Amino acid sequence: METLSLLADGFSVALTAQNLFLAVLGCFLGTLMGALPGLGPANGVAILIPIAFSLGLGPTPSLILLTSVYYGAMYGGRISSILLNIPGDEPAMMTCLDGHPMALNGHAGEALSLSGVASFVGAFVATCGLVVLAPQLVKIALLFGPAEYFVLFTVAFATLGGISSTNQAKSAFAAALGLGVAMIGSDSQTGSQRFTFDHIHLYDGIDFLIAIVGLFAVSEVFIFLERHRGQSPNATNATKIGRILPDFGMIKRCLPSMARGTGLGFFAGVLPGAGASLGSFLAYSLEKQTVDHDGKTFGKGDPRGVAAPEAGNNAASGGALVPMLALGVPGSGTTAVLLAVLLQLNITPGPLLFQKNPDVVWGLIAALFIANFILLAMNIPLVGLFTRVLMVPTRILMPVVAMISFVGIYSITGSTFDVMMMVGFGFAGWVLRKLDVPLVPIILGILLGNQMEVNLRRAMTISDGDWSVLVGSPLAIILWLVAITGFVLPMFMGKRMKAKMEKSRTEGVSEGG
Amino acid sequence: MSDRIFGGFGLALAIFYIWAASIIKDSFMVDVVGPRAFPYIVGTILGLTSIYFIIRPDDEPEWPIFRDFAEILFAAAVMFVYAWALPEVGFVISTIFATAYLTWRLGTAPLWSLVIGLATSVGIYVTFHLLLGLSLAKGPLGF
Numbered sequence: 001m002e003t004l005s006l007l008a009d010g011f012s013v014a015l016t017a018q019n020l021f022l023a024v025l026g027c028f029l030g031t032l033m034g035a036l037p038g039l040g041p042a043n044g045v046a047i048l049i050p051i052a053f054s055l056g057l058g059p060t061p062s063l064i065l066l067t068s069v070y071y072g073a074m075y076g077g078r079i080s081s082i083l084l085n086i087p088g089d090e091p092a093m094m095t096c097l098d099g100h101p102m103a104l105n106g107h108a109g110e111a112l113s114l115s116g117v118a119s120f121v122g123a124f125v126a127t128c129g130l131v132v133l134a135p136q137l138v139k140i141a142l143l144f145g146p147a148e149y150f151v152l153f154t155v156a157f158a159t160l161g162g163i164s165s166t167n168q169a170k171s172a173f174a175a176a177l178g179l180g181v182a183m184i185g186s187d188s189q190t191g192s193q194r195f196t197f198d199h200i201h202l203y204d205g206i207d208f209l210i211a212i213v214g215l216f217a218v219s220e221v222f223i224f225l226e227r228h229r230g231q232s233p234n235a236t237n238a239t240k241i242g243r244i245l246p247d248f249g250m251i252k253r254c255l256p257s258m259a260r261g262t263g264l265g266f267f268a269g270v271l272p273g274a275g276a277s278l279g280s281f282l283a284y285s286l287e288k289q290t291v292d293h294d295g296k297t298f299g300k301g302d303p304r305g306v307a308a309p310e311a312g313n314n315a316a317s318g319g320a321l322v323p324m325l326a327l328g329v330p331g332s333g334t335t336a337v338l339l340a341v342l343l344q345l346n347i348t349p350g351p352l353l354f355q356k357n358p359d360v361v362w363g364l365i366a367a368l369f370i371a372n373f374i375l376l377a378m379n380i381p382l383v384g385l386f387t388r389v390l391m392v393p394t395r396i397l398m399p400v401v402a403m404i405s406f407v408g409i410y411s412i413t414g415s416t417f418d419v420m421m422m423v424g425f426g427f428a429g430w431v432l433r434k435l436d437v438p439l440v441p442i443i444l445g446i447l448l449g450n451q452m453e454v455n456l457r458r459a460m461t462i463s464d465g466d467w468s469v470l471v472g473s474p475l476a477i478i479l480w481l482v483a484i485t486g487f488v489l490p491m492f493m494g495k496r497m498k499a500k501m502e503k504s505r506t507e508g509v510s511e512g513g
Numbered sequence: 001m002s003d004r005i006f007g008g009f010g011l012a013l014a015i016f017y018i019w020a021a022s023i024i025k026d027s028f029m030v031d032v033v034g035p036r037a038f039p040y041i042v043g044t045i046l047g048l049t050s051i052y053f054i055i056r057p058d059d060e061p062e063w064p065i066f067r068d069f070a071e072i073l074f075a076a077a078v079m080f081v082y083a084w085a086l087p088e089v090g091f092v093i094s095t096i097f098a099t100a101y102l103t104w105r106l107g108t109a110p111l112w113s114l115v116i117g118l119a120t121s122v123g124i125y126v127t128f129h130l131l132l133g134l135s136l137a138k139g140p141l142g143f
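Protein sequences, first through last, are from chains A and B. Oh and the first sequence: position 434 is 434 in my numbering, straight run, nothing missing. Oh and the second sequence: position 24 is 24 in my numbering, straight run, nothing missing.
Because the hints were derived from the structure by calculation, they are not lab data. Here the structure is a predicted model, which means the values were calculated and not measured. Note that CB positions come from ideal geometry on N, CA and C, so glycine has one too. Honestly, I wouldn't trust all of these hints.
Computed footprint of chain A on chain B; a stretch qualifies when at least three of its residues, placed anywhere within it, have a C-beta under 8 Å from a C-beta of chain A [claimed, not checked]:
| # | region |
| --- | --- |
| 1 | 5-17 |
| 2 | 20-32 |
| 3 | 43-52 |
| 4 | 78-88 |
| 5 | 100-110 |
| 6 | 121-133 |
From the structure, some residues in chain A lie toward chain B, with a derived Cβ separation under 7 Å [what the hints assert, rightly or not]:
| # | residue |
| --- | --- |
| 7 | Phe195 |
| 8 | Met403 |
| 9 | Trp467 |
Not everything, but these chain B residues come out facing chain A in the computed CB check (under 7 Å) [stated by the list, open to error]:
| # | residue |
| --- | --- |
| 10 | Pro35 |
| 11 | Ile65 |
| 12 | Asp68 |
| 13 | Ala75 |
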């Protein structure tokens, strides 16, 4: 009951005219960015963070704008999957398998509206799950001391590579790299200058926004330069859309698929290190095994093969918000970027946020609900407009995106040095991606590095320098076990999982066209 | 081989990092662990994982051929020059050329690239500076 009244307060925050306008704008921009191949939710939110702050919006409005972008991008990812067989973002990969064949069969409009509804169901149920689960998790989190928090951060890094990671050493290297960058600047506890080499630009440390925009958005430009140079416009094979209005009979038939996809997806989202990609993968595989055991219709344009992974991926993105808000520990790249939003607003997520700033938390959750309805309303009739955007060739689009990232960073820092550093991060990001080093642990390291260290040092101060305090409570020991399992398990299972995901993808691509 | 080189580079970075951590000066405030302990841990992880890359490298990634690689280096160089030029010649002029370069290299005809550059630059200037009030770099001409 208390939750409901808090949520009602949240709605009263989110339903002002300005905030509603921002939600609509965010949903629109998000869908646009999600639809563009290569610009996933993480990139989209990252580019817009500095711009939202330079506009001088307050904490709640900027939060509403950026979370709408996040949800919008999750919706948008499916558009290019279905029409072009190119996933707009990684979680939308599984939607290609049946979505594109549907489009080839002349059912593109139905596939788009069905996946829109499936996204809505997944995201809506997951947001409800967030309302129920997050306060419970907060109760547990309140038992955490500094030592437990330190171990919790370790859990986040250990599990971030995910079950499909093939080289855990590279994840660990990436995490250490991020933590190392976070140490630059003056030490928060004693004020000593660390790794600044008397360089005045480094005294305040490296702004995490520079690293995020550089690593995500600028490196994407380099990837495009490498792959798409001289290619003809990407949308030549866009298929005719056909009827846009959803076919209610089809939606009704797909409801059980959506329900299964949502459940699995939410679960995968809440778990550390699983995330939306695994959510949609699990949803698709389970659906295939449940309703199409002999592989007759799946992969050839079965609507259930569109509904399940779309519901799964959107449910996972809602579920991923649970650990991010309640513990302050994101489990995926996109939630890491959302954490950056909160940190930039001087809001530290975690149990204290629920107690000290309930208006922020519940305003945010209400905004998610509203964004969901806006997206449903926007996606069914406007889908034609979004597909139009796919016609703009990437050779024009990518430079524009690059310039907007430059504008964002320059307007927030006003320093040429920072812009150059962003380009440096972009180039480093390109090299690291080539070497298969994941970028998300680097971002998370930069974001969480200082908090992780502060908690370690607080724990040490309390125990007077006794390192055994890190395994000094049952809770800490359990967390260590989770961390070790999460780190070691992919070493045995990672190759197999990855191969499975790759296999179902290449099968789909070769069959689908 | 790439992973071995990468590992060697990582190891050098780790050694440098640990050295740089060892010369951190104490300030007048102290706590039990001090400002060096956590960087030492981080540096050690960097070093250990780098050694692992040297011993057990992954399969060779697909590096672009030399020409494409030069392409990327040039693009990075153009972006650096762009950052440097922002306060020198102003946002609008530098953005025209940076955008034009990128669209040209991505396969647009040279003259059209200039048009796209001009459109992008003016478009961003109008939306973000005139309408939304973001502060962009001002050159000697004031825009």
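Original post:
What hint numbers does the structure not satisfy?
Top reply: Numbers 9 and 11 - these are the hints that the structure violates, sorted from lowest upward.
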